[in-house]
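Colleague: From these two lone chains plus the hints, build me the complex, please.
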Amino acid sequence: AQRVTQPEKLLSVFKGAPVELKCNYSYSGSPELFWYVQYSRQRLQLLLRHISRESIKGFTADLNKGETSFHLKKPFAQEEDSAMYYCALGGGGSYIPTFGRGTSLIVHP
Amino acid sequence: GAGVSQTPSNKVTEKGKYVELRCDPISGHTALYWYRQSLGQGPEFLIYFQGTGAADDSGLPNDRFFAVRPEGSVSTLKIQRTERGDSAVYLCASSKNVGLGSYNEQFFGPGTRLTVL
Chain A
1250 AQRVTQPEKL LSVFKGAPVE LKCNYSYSGS PELFWYVQYS RQRLQLLLRH
1300 ISRESIKGFT ADLNKGETSF HLKKPFAQEE DSAMYYCALG GGGSYIPTFG
1350 RGTSLIVHP
Chain B
664 GAGVSQTPSN KVTEKGKYVE LRCDPISGHT ALYWYRQSLG QGPEFLIYFQ
714 GTGAADDSGL PNDRFFAVRP EGSVSTLKIQ RTERGDSAVY LCASSKNVGL
764 GSYNEQFFGP GTRLTVL
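In order, the protein sequence lines correspond to chains A and B.
To get the working numbering, take the position in the first sequence, counting from 1, and add 1249.
To get the working numbering, take the position in the second sequence, counting from 1, and add 663.
The shape of chain B in the complex, shown without the other chains (with noise of 0.2 Å):
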């Protein structure tokens, strides 16, 4: 079946500007994960869905970011007012279900590499 998809795979804006990242995770996932990844460095979580609802966004950096699932599938990030420290490849995963003391593979998207010039 088809993996985790994300789009765009490359986006480039403005100092600024607002952005939307897209995640479709695998078909009856009910976990979605969003990490960022900077040059040289490993991915660094930033908030995970368990269903529609953000479970943990212990990882967000600051307010200018935000995410969603309203439907429990499709997973939106967004960021306001970007900065040049917000360049960075965001990934996306999803796995079957997380709940405590229980463990499901997560599954990666190939990311979406922003660029703010």
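Isolated chain A, as found in the complex (with noise of 0.2 Å):
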């Protein structure tokens, strides 16, 4: 069965100080993560694939299959950042994902 696992409901921290939003997964087969963002007001929207390796708005994520981990990390945190975030696991070929709880990111001035 996939799961996700997001362990803290809520990350404060103040304007540029480095964040890190925890994931852990479960899956037994080859698998798909994303991070999934929801800022104030907004919609849900996709922030990152670990497929693609990219670096948006200054966020990156490396999927670490031996912790089965894919945290999501940014040196700088800036008060734009607060948001909901959302893990979220793919894989066998479906790419309907399974969303962890969300972690609830708070950005102090």
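The hints are simulated quantities; they were obtained by calculation from the structure and are not laboratory data.
Keep in mind the model is a prediction, meaning the values are calculated, not measured.
Each residue gets a CB set at the ideal place from its N, CA and C atoms; glycine is no exception.
Keep in mind that a hint or two might mislead.
The calculated label-pair distances, taken between Cβ atoms and stated as ranges, are [what the hints assert, rightly or not]:
1. Glu1269(A) <-> Asp726(B): 39 to 45 Å
2. Asp726(B) <-> Glu1328(A): 43 to 49 Å
3. Ser1353(A) <-> Glu707(B): 14 to 20 Å
4. Pro671(B) <-> Lys1314(A): 39 to 45 Å
5. Gln713(B) <-> Arg1252(A): 24 to 30 Å
Not the full set, but computed from the structure, chain A residues with beta-carbon under 7 Å of chain B [stated by the list, open to error]:
6. Arg1292
7. Tyr1335
8. Ile1345
9. Phe1348
10. Gly1349
11. Arg1350
12. Gly1351
13. Ile1355
14. Val1356
Modeller: Here is the structure:
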């Protein structure tokens, strides 16, 4: 069975501090990992996919199969990064994601 | 262009009633998905359509839930004999295509907040 765990419901940091949002997954096959973001009063949207290996808005995420993790990182948080972040898992050729419960990131000025 | 739209934005109903939630996908998107998001949880997959047919309805919780997409565009999620536990935000998303081994980004609508009293 597919499972995504985001252990932190809330992460609160100050502007300029590093940020790491944790995500662990459980999947027996070859996983596809995603991060989605939902800003206040906006729609859920894709932030990045592990296979793209790109940096979006300064965020990166590396798939670690040994630790079954896909943590989202940013070296210097900005106030506009405040949002709900969802880690999601797809696999077996299916791109229908299984979502984690989400982490609320609050960046204080 | 216009994104995915959902109506109504809010729906309050009484236990036992029937409700319909509508989704208008992005024009030209052949794949359409429904999700349910309960308070404090991530979106939970319900059903997806490829064209007019339900390609995967494994996420529907029981037979009170049903969805249609008769012309391959607009979709309606139907819930019979609503229960208080059905209260949630129902999200719709669409993508250009879904094929085994291919990825197409899903674009989400704003959701319908359903409250069952």
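Colleague: So, for every hint listed, does it hold in this structure?
Modeller: Do the hints match the structure? See the list:
no., hint, in the structure
1, Glu1269(A) <-> Asp726(B): 39 to 45 Å, "43 Å, holds"
2, Asp726(B) <-> Glu1328(A): 43 to 49 Å, "47 Å, holds"
3, Ser1353(A) <-> Glu707(B): 14 to 20 Å, "18 Å, holds"
4, Pro671(B) <-> Lys1314(A): 39 to 45 Å, "43 Å, holds"
5, Gln713(B) <-> Arg1252(A): 24 to 30 Å, "26 Å, holds"
6, Arg1292, "5 Å, holds"
7, Tyr1335, "5 Å, holds"
8, Ile1345, "5 Å, holds"
9, Phe1348, "3 Å, holds"
10, Gly1349, "5 Å, holds"
11, Arg1350, "5 Å, holds"
12, Gly1351, "5 Å, holds"
13, Ile1355, "16 Å, violated"
14, Val1356, "21 Å, violated"
The structure fails hints 13 and 14 (numbered hints given earlier, in ascending order).
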